[in-house]
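**Q** These are the residues of each chain, in order.
There are 4 protein chains.
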Amino acid sequence: MARTLNIGMIGYGFMARAHSNAYSKVNHFFDVPYRPVLKAVCARDEAKAKAFAATWGYESVETDWRKLVARKDIDAVDICVPNNLHREIALAAAAAGKAILCEKPLAMNSDEGAQMAAAVEAAGVANMVWYNYRRIPAVTLAKKLIDEGRLGRVFHYRAVFLQDWTISADLPQGGTALWRLDVAAAGSGVTGDLLAHCIDTALWLNGGIDRVTAMTETFVKERKHNLTGKVEPVGIDDACAFLARFKNGSLATFESTRYARGHKALYTLEINGDRASIQWNLHDLHRLSYFDHRDEGTLRGWRSIHVTDGDHPYMGRWWVPGLQIGYEHSFVHQLADFLDGLANDQAASPTFRDALETQKVCDAVLESGRTAQWVAVG
Amino acid sequence: MARTLNIGMIGYGFMARAHSNAYSKVNHFFDVPYRPVLKAVCARDEAKAKAFAATWGYESVETDWRKLVARKDIDAVDICVPNNLHREIALAAAAAGKAILCEKPLAMNSDEGAQMAAAVEAAGVANMVWYNYRRIPAVTLAKKLIDEGRLGRVFHYRAVFLQDWTISADLPQGGTALWRLDVAAAGSGVTGDLLAHCIDTALWLNGGIDRVTAMTETFVKERKHNLTGKVEPVGIDDACAFLARFKNGSLATFESTRYARGHKALYTLEINGDRASIQWNLHDLHRLSYFDHRDEGTLRGWRSIHVTDGDHPYMGRWWVPGLQIGYEHSFVHQLADFLDGLANDQAASPTFRDALETQKVCDAVLESGRTAQWVAVG
Amino acid sequence: MARTLNIGMIGYGFMARAHSNAYSKVNHFFDVPYRPVLKAVCARDEAKAKAFAATWGYESVETDWRKLVARKDIDAVDICVPNNLHREIALAAAAAGKAILCEKPLAMNSDEGAQMAAAVEAAGVANMVWYNYRRIPAVTLAKKLIDEGRLGRVFHYRAVFLQDWTISADLPQGGTALWRLDVAAAGSGVTGDLLAHCIDTALWLNGGIDRVTAMTETFVKERKHNLTGKVEPVGIDDACAFLARFKNGSLATFESTRYARGHKALYTLEINGDRASIQWNLHDLHRLSYFDHRDEGTLRGWRSIHVTDGDHPYMGRWWVPGLQIGYEHSFVHQLADFLDGLANDQAASPTFRDALETQKVCDAVLESGRTAQWVAVG
Amino acid sequence: MARTLNIGMIGYGFMARAHSNAYSKVNHFFDVPYRPVLKAVCARDEAKAKAFAATWGYESVETDWRKLVARKDIDAVDICVPNNLHREIALAAAAAGKAILCEKPLAMNSDEGAQMAAAVEAAGVANMVWYNYRRIPAVTLAKKLIDEGRLGRVFHYRAVFLQDWTISADLPQGGTALWRLDVAAAGSGVTGDLLAHCIDTALWLNGGIDRVTAMTETFVKERKHNLTGKVEPVGIDDACAFLARFKNGSLATFESTRYARGHKALYTLEINGDRASIQWNLHDLHRLSYFDHRDEGTLRGWRSIHVTDGDHPYMGRWWVPGLQIGYEHSFVHQLADFLDGLANDQAASPTFRDALETQKVCDAVLESGRTAQWVAVG
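Note that the protein sequences, when read in sequence, are chains A, B, C and D.
The numbering of the first sequence is the numbering used here, which starts it at 16 and goes up by one.
The numbering of the second sequence is the numbering used here, which starts it at 16 and goes up by one.
The numbering of the third sequence is the numbering used here, which starts it at 16 and goes up by one.
The numbering of the fourth sequence is the numbering used here, which starts it at 16 and goes up by one.
In case anyone wonders, no lab produced these hints; they're calculated from the structure.
Since this is a predicted model, take the numbers as computed values, not measurements.
One thing to keep in mind: the hints can contain errors.
All copies of an identical chain are treated as equivalent in the list; a pair is satisfied when it fits inside any one copy or across any two copies.
Keeping only pairs whose Cα atoms sit at most 27 Å apart, straight-line, the calculated DSS-like set for lysine-lysine is [claimed, not checked]: (1) K239 <-> K279; (2) K158 <-> K279; (3) K63 <-> K82; (4) K65 <-> K87; (5) K159 <-> K262; (6) K245 <-> K159; (7) K262 <-> K236; (8) K65 <-> K236; (9) K63 <-> K87; (10) K54 <-> K82; (11) K54 <-> K236; (12) K87 <-> K54; (13) K158 <-> K262; (14) K245 <-> K82; (15) K54 <-> K159.
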């Protein structure tokens, strides 16, 4: 019989919804040792907290995250607030002995991240960062193929994350909805928001990055700020591209932007090994493209694998072959792995320590963008 | 504040899971006037009923569907059992004044279906058949485009539903898992299982069918029967193709099979009008392909519309552009429409009466398969 | 050293260009035992004949095909005129002992076709019909896979040929450019023009067709006739779909139309066997899609084979991997095979006798369209 | 009536074939003011020269290119030899007053290229470099859309050219077939061979490049040399990626490699503007993908334009809509433009001067690869 795990959610935005959905669904589909209980949700605006609680079935609300963290009936804290609040909340939650599930990126920078990783380790609390794309079945399958050695020596890695939602210069920055454009709240622009996803997956699939050279750009230099009401300089990077060398000798290109007209959230990755190559993209997230050089010569071709079979990662828990799942399910999978790990004392990846590596690459990328020099990853 | 709607689920298989998931999720994402309560689930095998109830949170179990139908605390009955039981349960539920949500196809044949439609209408109870593909956002968008007249005069309609899971002659027929291969339980093979979906969508998108000529085949003539343990003749159609003429003058081809190697559940449809054409398929269900002849000449091309924007049907309720939903969400949408309709006294389509039309086409197709003659749709 | 083969071309339209291009190119790329010499071209309009001769380098012109056929210096006659002239010219050319290369379809109907096949056989002259799609490398590769038994038992065959160029009711019929819409010149509409291609490939890939049931339609009932200047009934079929049963037990659907908005010349075919399936389409003619069930389970997927390698059919003669050829090259390949066959006394397919089989299927389809009955292929 | 243009071809390899095919075909399809005459072909090996002449119909052969250049009956010299010979031949041909058609890249480096450009300009001879991909109809259409302002302000440009043919360490370097792997003959590896194509197109479509930062790699450090028979260091770049800033403010990523398993010759490009975006790739070279933000909101999607209509660039000269051409046709188009320009005294692009700009970018890229610094272009 599954034990309960009392969740304290901090935040009520997009990610709080995605995570709450995962807490609500996980026991319907996965046989995990814990049953999440939606104990409390916290938001500074009490009306918003209550509305969120009503929709999702949270039992109570708080308006001060410190109170939520201090509550004895909370087992795990879920941090779904802007990046500039992650550190303080995480340190307090660790000190209070709570398990912590933190939305990505881990922190504003690797200094903060290092403090957070040290704190959870010192406190001995379970911890995880919601880099959910590792748990899209096609991506998990890619990881499996790589671990089995099917790609052989890797020569190339390339990833892009392309969006187009900030092209209009009339879009303001800051505030609840648009904090991602406000450097004070977000720390950086596409680097921390989008490239962090690409880097997390890359480190997982292809190992460590040695050094990078980057180029960043802010296309719209000033935007009205929602908090001040004034037109203010834009401090984030609208676009960022970088070259990288992995420790395994492979070469990489990474690029992210919110100015790629025609792409809503197109995260694509490709890895070329001497024996095989793989491709995946978020817009058709249930397909893995796979090319195997060992296939018979005249019949070689990229295979479009519809990752919906019962023996594909996680898919035995859902429907039948051909019937696909979507974005939200990656959170359910990550949660299921977290809950399994909790019972077995085996941390589900990525932990804060794992996510710190991504933060270090982000720091190096941003530094290179400023200095126009190759930068070693710290 | 949403009123409660007490659900009595009959069945515990694949479809019972899909529907239970919809009942569990609908209020998290849709602002509907009812809140489904999972009151009771019924299965002949009590252990299975209890396991299902535990997983999904049903408050009680029954082992006799007549008892469930008779319970005062049940507002709506959901029929998720093999086709040969639909009629009897539906008639009883109607007589008991329950709303009825019946899995497709409506019945074993149109005679049964006509009785069922008459019964729910006589009883004045809300009724709906779970032809869920109408509520996949890309398909709903297709309907909208057609209703707006964008296709113009329709010349052609074509649909296929291709699977490959019964090719092995070692697969048995009958029993809980494989009743779809048992003609006594299913009534027909791919015609009622797969073509019924294609026909339902087609009638919705393109109006009534006038007449058909069909060809059916049973590739594997005998299979071991799970109930008798003996090798017995296979009574279902493994494959069925038919030509049709719609009342609007358009020509159609339909085909379904479980012997199309490489296709898991590939339902595709295409409609060609004089002004525009559309294509859709279930394997990439979030994309609608659209060709508009009124686009500038040299720039005409099939547009691949990623149906994930906030202004696409139903999608404002989910995530953000580019992040897709999956198969299960079509049931949530259909349920949301049903609950909205319930409050407004407006039936959500397809009702039993609507679904009877699909049944009539299926009957004509099967008759034509037997007689090798064109058959008018009844 | 290649021997010369003096070509007498009858016609100066689209197909005469395609064939002349093949005659001009074949020796640049293929090591064949004959070198075609463009000896004479024939057209009733002398100015047009001369212009065509100047463009392509024909040494002389004729305005009466009988004179061309009678010329001693002509070795082979190429028939590129409307269908209603094929029979008469072919009979005369056979009587004159010429090799004959006839544009498809062979004839107006199978009676004519049978006369033609008998005539060339009686005369012992080399003969071939330009069903060029057999020689698209991806299609030739498909044939090879089938002959190797890779598909196993075939369950399904489906083909469509979709165009959209006759939707406008303002398009006239008849005359030089639009004889394909004039039943007197063409014999039929899409059946002889487009489905004939589909049928030829199908018979080649999947063997004989046993019987068919068809539906034909003429959407635009009257069009101005270019020869009479009057609005006249349209006698051709604008669209035709049929169901078929092959002799090998497989089921098939075929459809063709010139009213499928968005498709220029989309010929697609798919074959499903118990072990593997293949797909191909003319709009991306250099790709063969291949699904092999014997691939490892979790890695099965449709392979998109870019048929441009040196060991792919015919491709060693062209460029390097990845660099594709186009439509016109299929004629070069067919000609190369014809010339090879000529030296080895081995007829290149399809001969008149082979093409007669396609004609018989077309006849059965058109008869079924008229009678609304299943019709056995003749 | 077309005037003759006597061609002297230097080289007999892959590119000599591609160009000879263009000379042979151009007058069959294009109404141009010149008729190329294949006057002479030059190769050091007389037997190979004669064989090539026999295949293509060259009237004579030379074994010393200086003799060919000196011949009075030669109007135009076509340089199809390894890069290290371009400069010397071009200078001689210019001095002899010949028109020059030079295979890409222009030269070993921009110093050589500058000499060549100066020489042809001083001599006043027509000159062109065979960057043929500008004349693929889909690419030409892209140029037209950009010139019409449809993309608006450009934010991003990205291009890759991926191959996989040199992965085996057993492949030797040098000699006739493999001079591209020999730095002495080729000057560089993928930068001059593949990226030069990407850069040429980019400069044409998006204007000048301001500065770059690059990363190069040689994965296989030593290969047997065909000329010496010994294992020798590999001097070329096997892979190269670079970031760039265009003068128009847009950001770019470029990458090329011969170690991308699964890609034969995959040149892809994408341009993102604030109003529209385009994509194209060489593996499906007849399609242009186009996204127009001004399309109606819910119906926006990438259009796959099958560039085969009569009103698409160059396509009115070939077949009918839907029937595609291939790689070789780009050379025919470029030649047709060259011949038209010759009559009108308007140089066809890219001239030596145009191609020198590409050479400067290549130089900057290679320098950056060595210095690990951003390098300003030329």
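**Q** Hint by hint, note whether the structure agrees.
**A** To see whether the hints hold, each was checked on the structure:
no. : hint          : in the structure
1   : K239 <-> K279 : within (23 Å within a copy, 48 Å between copies)
2   : K158 <-> K279 : both (25 Å within a copy, 24 Å between copies)
3   : K63 <-> K82   : within (17 Å within a copy, 43 Å between copies)
4   : K65 <-> K87   : within (21 Å within a copy, 33 Å between copies)
5   : K159 <-> K262 : within (20 Å within a copy, 44 Å between copies)
6   : K245 <-> K159 : neither (50 Å within a copy, 41 Å between copies)
7   : K262 <-> K236 : between (36 Å within a copy, 18 Å between copies)
8   : K65 <-> K236  : neither (38 Å within a copy, 61 Å between copies)
9   : K63 <-> K87   : within (24 Å within a copy, 37 Å between copies)
10  : K54 <-> K82   : within (13 Å within a copy, 36 Å between copies)
11  : K54 <-> K236  : neither (43 Å within a copy, 57 Å between copies)
12  : K87 <-> K54   : within (11 Å within a copy, 33 Å between copies)
13  : K158 <-> K262 : within (18 Å within a copy, 40 Å between copies)
14  : K245 <-> K82  : neither (34 Å within a copy, 67 Å between copies)
15  : K54 <-> K159  : neither (36 Å within a copy, 42 Å between copies)
Violated hints, in rising order: 6, 8, 11, 14, 15; the structure is consistent with all others.
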